[in-house]
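Residue numbers (our numbering), protein chains in the order written: chain A, 1 to 121; chain B, 1001 to 1179; chain C, 2001 to 2240.
Please note that the accuracy of each hint is not assured.
Said to hold, decoys possible - Cut-off 30 Å, straight-line C-alpha distance, at most; resulting in silico cross-link-like pairs (DSSO-like, lysine-lysine):
| hint | chain 1 | residue 1 | chain 2 | residue 2 |
| --- | --- | --- | --- | --- |
| 1 | C | Lys2117 | A | Lys40 |
| 2 | B | Lys1016 | A | Lys91 |
| 3 | C | Lys2044 | A | Lys95 |
| 4 | A | Lys35 | C | Lys2117 |
| 5 | B | Lys1147 | A | Lys108 |
| 6 | C | Lys2099 | A | Lys100 |
Stated by the list, open to error - Distance windows between CB atoms, simulated:
| hint | chain 1 | residue 1 | chain 2 | residue 2 | range |
| --- | --- | --- | --- | --- | --- |
| 7 | C | His2240 | A | Pro88 | 16 to 26 Å |
| 8 | B | Ser1004 | C | Gln2234 | 23 to 33 Å |
| 9 | C | Leu2159 | B | Ser1004 | 51 to 61 Å |
| 10 | B | Ser1145 | C | Gly2111 | 55 to 65 Å |
Said to hold, decoys possible - Only part of the chain B face toward chain C is listed, based on derived beta-carbon distances under 10 Å:
| hint | residue |
| --- | --- |
| 11 | Thr1052 |
| 12 | Cys1123 |
| 13 | Ala1156 |
Don't read these hints as lab results, they were simulated from the structure.
Every residue, glycine too, gets a C-beta built ideally from N, C-alpha and C.
Now for the letters of each chain:
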Amino acid sequence: MSKILVVDDSSTVRDEVAGFLRKNGLDVETAVDGKDGLLKMKSSPGIKLVVSDVNMPNMDGLTMAEKIRGELVNTTVNIIMLTTESSPAMKERGKAAGVKGWIVKPFKGDAVLEAFRKLAS
Amino acid sequence: MISSNAQTSIEGILLKAARSRLPQQPDDACEIVPLAHAYDSARPEANVIILTISSILFRLLLVFHFDDDASTREYFSKKTGDVPLQDMLLEICNLCCGAVNQDLLPYFQDLGMSTPYVLSARCLPYLEGLKPDYLSSYAITINGSVKLAATVCVCAHAPIDFVADMTAVEETSGELELF
Amino acid sequence: MIEQYLLAALAGVVATAILALLLHKLHGARTLARLQSEMNDRIKTLMETNAQQSGLIDQGEQKIQQLESSIAQLDDDLARQLKIAGEDRAALAAAVEDKENLLDQARRIAGEASRLKSLAATFERWHEQMISLMTQNQDMHAKNHELSSIVKHVVIVSLNASIEAARAGNAGRGFAVVAGEVRALAARSEELSRSYRDSLHRNDLTTTATFQDIQAGGKMITASLGSVEVLADQFQVRLH
């Protein structure tokens, strides 16, 4: 049962992040945009942590987060945004949507591995 | 409509973003030289990657040109995984544009950034058709062998004047900020 | 003899009596004087006390007058305070009503901001349409490219036709003319195709730039609305 869901429309990022986490012994699933992310959340109830980009086609990451908390009535899964966006307005919207943390790209695996482990347990 | 201070600032921000996001290793050499024209007629079949940053006052287009040659492919392909080169390049340009976005934020509060798109290099001469207030190109060489180019094209809807603080501290990207 | 004794004794008694009387009177006078003096003292004391008491009474009366005027003042003040309190109560009631109105407006602003955020869905729709438009552009590029290669082929065919016509000598002269015209037409088509390709590239750039502007602009608006919503929510909490 997968513990972490990585959502990004760039296959480069999915590969980089999921690859790094898998190398460190974590169970990872991936999705290509917000809509796909919601589908994966519905079909895999064991997901404890979602790591998602903001800017994606079909449904952006913050809308997906809002729907996870709202339509899917899931208030326990931890959601972290991994994005080039850094504006305070965006972060506020994230906070209001129930997002737990924010990472500005580029992804530096070593800096966040421990935190991810904790959030996914 | 774009003051010379603003032009210098935009150039500074772009070069800083290019230097921090294009080289794949922190110690790789990165040389940047201004170019007279965006379009290099010697490489008409090349592709370019284009992104837009929009604000209430302006729109800024960033165009990145990559050679589809062995040294570029070798430099940018990751050893592990079979991600297509173009996907890698799209993400790298996304990161570079993201860095420009972050550095512009202190001066223009609400900014939006588009997702990247691939176009033929033959589209470049038509950048002038957008009637830009500032258009500038740069040749970028990494490690002496990987040749790229970047063009910035800004169309202003109102007078723009600002001075960027180029002494700003290195960004805290990659760190997890918990809410 | 006894008569002398009796007279002496009587004289003595009378003398004593007179002395006693005199002493008594003197004593009495002294006592009287003393009493009188004491009485005078007492009268003086009483009169002083009386004067003091009068003074005190005067002071008292003055104080009473002051107090009465103070009371009158306080009555005025109280009346004024009551009036102000009445106005304050009215103002408070008005402020409470204002607050209710503000709360209502804050709720509506938050609601509007929340509703406008769904604009993001509109921008997504345009993004899909842009992809579709760019795909059509790709299609036009491909068709133009095919046309261009057909035209190139026609040029080659017409060149070959000219060669064959020359070989046929006089009989091929008419054919040579036709071949020449076909080549001229092909050249014009080639020129047109190149020009069309350039138009497509200009179209690509303008379309991409416009849609990226819409996409980025949409995110800018959604971000601003997000801040507005947060502010409106905070405002609502404060008013509660």
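Going through the hints against the structure:
no., hint, in the structure
1, C:Lys2117 x A:Lys40, "holds (24 Å)"
2, B:Lys1016 x A:Lys91, "holds (24 Å)"
3, C:Lys2044 x A:Lys95, "violated (96 Å)"
4, A:Lys35 x C:Lys2117, "holds (17 Å)"
5, B:Lys1147 x A:Lys108, "holds (26 Å)"
6, C:Lys2099 x A:Lys100, "violated (34 Å)"
7, C:His2240 x A:Pro88: 16 to 26 Å, "holds (25 Å)"
8, B:Ser1004 x C:Gln2234: 23 to 33 Å, "violated (41 Å)"
9, C:Leu2159 x B:Ser1004: 51 to 61 Å, "holds (57 Å)"
10, B:Ser1145 x C:Gly2111: 55 to 65 Å, "holds (58 Å)"
11, Thr1052, "holds (4 Å)"
12, Cys1123, "holds (4 Å)"
13, Ala1156, "violated (13 Å)"
In the structure shown, a violation is registered for the earlier hints numbered 3, 6, 8 and 13, in ascending order.
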